[in-house]
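These protein sequence lines map, in sequence, to chains A and B. The first sequence begins at 37 in our numbering and counts up by one. The second sequence begins at 2 in our numbering and counts up by one.
Careful: at least some of the hints might be erroneous.
[Claimed, not checked] Now the in silico label distances, taken between C-beta atoms and shown as ranges:
no.: 1; chain 1: A; residue 1: Arg117; chain 2: B; residue 2: Asp245; range: 49 to 59 Å
no.: 2; chain 1: A; residue 1: Trp89; chain 2: B; residue 2: Asn64; range: 48 to 58 Å
no.: 3; chain 1: A; residue 1: Leu152; chain 2: B; residue 2: Ser95; range: 22 to 32 Å
no.: 4; chain 1: A; residue 1: Arg106; chain 2: B; residue 2: Gly193; range: 53 to 63 Å
no.: 5; chain 1: A; residue 1: Lys294; chain 2: B; residue 2: Gly193; range: 30 to 40 Å
no.: 6; chain 1: A; residue 1: His85; chain 2: B; residue 2: Ser95; range: 31 to 41 Å
no.: 7; chain 1: A; residue 1: Arg207; chain 2: B; residue 2: Ser147; range: 42 to 52 Å
Hints were generated in silico from the structure; no laboratory data involved. Model, not experiment: these values are computed from the prediction. Just so you know, even glycine gets a beta-carbon here, dropped at the ideal spot from N, CA and C.
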Amino acid sequence: MDALPVVIGALNEGFLQTLKLFAVTLLGALPLGLVIAFGTMSRLAPLAHPVQWWLRRRNQRAEAAGQPLRAPGPVALALIRFQPIRLLCRLVVWIIRGTPLMRQLLIIFYIPGYVLEGGSPWPSGEPGRFLAAAAAFIINYACYFSVIYRGGIEGVPRGQQEAGQVLGMTRGQIFRHITLLQMIKRIVPPMSNEIITLVKDTSLARIISFQEVIWAGYAFLKGSHGYSGLLWPLFFTGLYFLVFNGVLTLLFGWVEKKLSYFQ
Amino acid sequence: MSVLEVRNIEKHFGATRVLEDISFSLEQGQALAIIGSSGSGKTTLLRCLNFLEKPDRGTISVNGDIIFDAGDPDTQKESEVRKKRLHFGMVFQSFNLFPQYTALKNVTLAKELLAQEQPDFKARKKEILAQIQADGEALLERMGLSDRAGHYPSQLSGGQQQRVAIARALALQPDILCFDEPTSALDPELTGEVLKVIRSLAEQKTTMIIVTHEMAFARDVADQVIFMDGGVIVEQGDPRQVIDHPREERTRQFLSRYAQG
Numbered sequence: 037m038d039a040l041p042v043v044i045g046a047l048n049e050g051f052l053q054t055l056k057l058f059a060v061t062l063l064g065a066l067p068l069g070l071v072i073a074f075g076t077m078s079r080l081a082p083l084a085h086p087v088q089w090w091l092r093r094r095n096q097r098a099e100a101a102g103q104p105l106r107a108p109g110p111v112a113l114a115l116i117r118f119q120p121i122r123l124l125c126r127l128v129v130w131i132i133r134g135t136p137l138m139r140q141l142l143i144i145f146y147i148p149g150y151v152l153e154g155g156s157p158w159p160s161g162e163p164g165r166f167l168a169a170a171a172a173f174i175i176n177y178a179c180y181f182s183v184i185y186r187g188g189i190e191g192v193p194r195g196q197q198e199a200g201q202v203l204g205m206t207r208g209q210i211f212r213h214i215t216l217l218q219m220i221k222r223i224v225p226p227m228s229n230e231i232i233t234l235v236k237d238t239s240l241a242r243i244i245s246f247q248e249v250i251w252a253g254y255a256f257l258k259g260s261h262g263y264s265g266l267l268w269p270l271f272f273t274g275l276y277f278l279v280f281n282g283v284l285t286l287l288f289g290w291v292e293k294k295l296s297y298f299q
Numbered sequence: 002m003s004v005l006e007v008r009n010i011e012k013h014f015g016a017t018r019v020l021e022d023i024s025f026s027l028e029q030g031q032a033l034a035i036i037g038s039s040g041s042g043k044t045t046l047l048r049c050l051n052f053l054e055k056p057d058r059g060t061i062s063v064n065g066d067i068i069f070d071a072g073d074p075d076t077q078k079e080s081e082v083r084k085k086r087l088h089f090g091m092v093f094q095s096f097n098l099f100p101q102y103t104a105l106k107n108v109t110l111a112k113e114l115l116a117q118e119q120p121d122f123k124a125r126k127k128e129i130l131a132q133i134q135a136d137g138e139a140l141l142e143r144m145g146l147s148d149r150a151g152h153y154p155s156q157l158s159g160g161q162q163q164r165v166a167i168a169r170a171l172a173l174q175p176d177i178l179c180f181d182e183p184t185s186a187l188d189p190e191l192t193g194e195v196l197k198v199i200r201s202l203a204e205q206k207t208t209m210i211i212v213t214h215e216m217a218f219a220r221d222v223a224d225q226v227i228f229m230d231g232g233v234i235v236e237q238g239d240p241r242q243v244i245d246h247p248r249e250e251r252t253r254q255f256l257s258r259y260a261q262g
């Protein structure tokens, strides 16, 4: 078992990469998910006012000419209801959640190089692979997080918002001071699921040769550091995930307990 | 001049008309009770006053200023609506206290946020916040809740929660305090303590609108009673007249159903 220290060293290095991708993804996806969540709840309907104004004008003209008033047609109603931000965000969430993450990794890493003049925008080597992987993971996880956020926000009783409104608070104040903490309390369990899945999903990045822990373990099977045909390092990587997710589980339990002072 | 003047308010939800030609006025220091069966539009009327619903027709004036005119979009700007709401305080049927804050913080939060908009807030921050804190404590004391200031809503009984909610509404010193069935979510046992607080507010000449099912209470406390049915005001006037000697058949039917329990 003189391979052990060599294997552990290599796996530690790989797991450091895993952690780096995990941390960067969280840092990016947690705020981006909130932005997307607001987008999917946006009620901005830029055409409602002009179309309603046009309908009123039409009625006034008909009234003046003594013609019967016409009800608004389906096109007018559709235009009034047109909410571009909401539509766009829901479309993005559908596409990102509806396609495999591995496919998204490949697309983000390879396609820009084909499409853009001057070749791939990603730096060469490991830094480029890390950036591409981080971009793919941030977009993908932000979409999943956005749905959890939305559930959390919509789960806060409407009366909470109304109580803030009648006390003269702005929409921003209501979100920051009233909704936010109640939302966080509601989303801790589903978020813990998603974040633990993220830890394991980072290993998908080896599809673009990002050298994370499973990549490092697999290397001993193929041949690395003077060893080849070693199967056990690959299984040993599972221990890293198990231990780290154990730590996360304790952390989420602690957060849940911290927030249990209110209902 | 009346504190509140409501003229010809009308409100539809889709094709359903929930309020029709509602007009009334309220004098400084008076208490108005609104009675009527569920679905008669009482709550919607209160929500219109607090800008939680937008009437389709009519005007609302406070102290002689028109603060809402359905026909004038200039009176409905989001930025101004926020300030106009402060003319009214609202106590909800289900309390709607903020669960993550203590009783005291529930009372002081809105005032602290408003104080941040004062030009001299930065310079006098400590002093202003200390004053708000002291005012909040005094309000809780008036509600008989001094010893509950540090409790979270989930640690309070329903009656205590509603009293905190009343203190919260009073903290911003509204011109008119609105109660939306303040005791409907409470046991009969806890109803009394909340009614006692409202009664003392009436004795101190707080201008109030109380939507309630407590007929005896309405008769004792209110200076004016409105009976609503099907979105219209059927009868309004002196409480002894409306409740003890109703002129309208519909009022009589409603009250007799109450008398039978």
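request  = Indicate whether the distance between the beta carbons of arginine 106 of chain A and glycine 193 of chain B respects the range 53 to 63 Å.
outcome  = holds, 58 Å
task = Go ahead and decide if the range 42 to 52 Å is satisfied by the Cβ distance of arginine 207 of chain A to serine 147 of chain B.
result = violated, 34 Å
Range hint compliance [Cβ, lysine 294 of chain A to glycine 193 of chain B, 30 to 40 Å] = holds, 37 Å
ask   = Okay, leucine 152 of chain A versus serine 95 of chain B on CB: inside 22 to 32 Å?
value = violated, 57 Å
message = Range first: 48 to 58 Å. Now tell me if the beta carbons of tryptophan 89 of chain A and asparagine 64 of chain B are that far apart.
response = violated, 33 Å
query = Has the hinted range 31 to 41 Å been met by the Cβ atoms of histidine 85 of chain A and serine 95 of chain B?
reply = 34 Å Cβ-Cβ, so the 31 to 41 Å window holds.
message = Quick check: does the Cβ-Cβ distance between arginine 117 of chain A and aspartate 245 of chain B fall within 49 to 59 Å?
response = holds, 51 Å
Violated hints, listed in ascending order, are 2, 3 and 7; each of the other numbered hints is respected by the structure.
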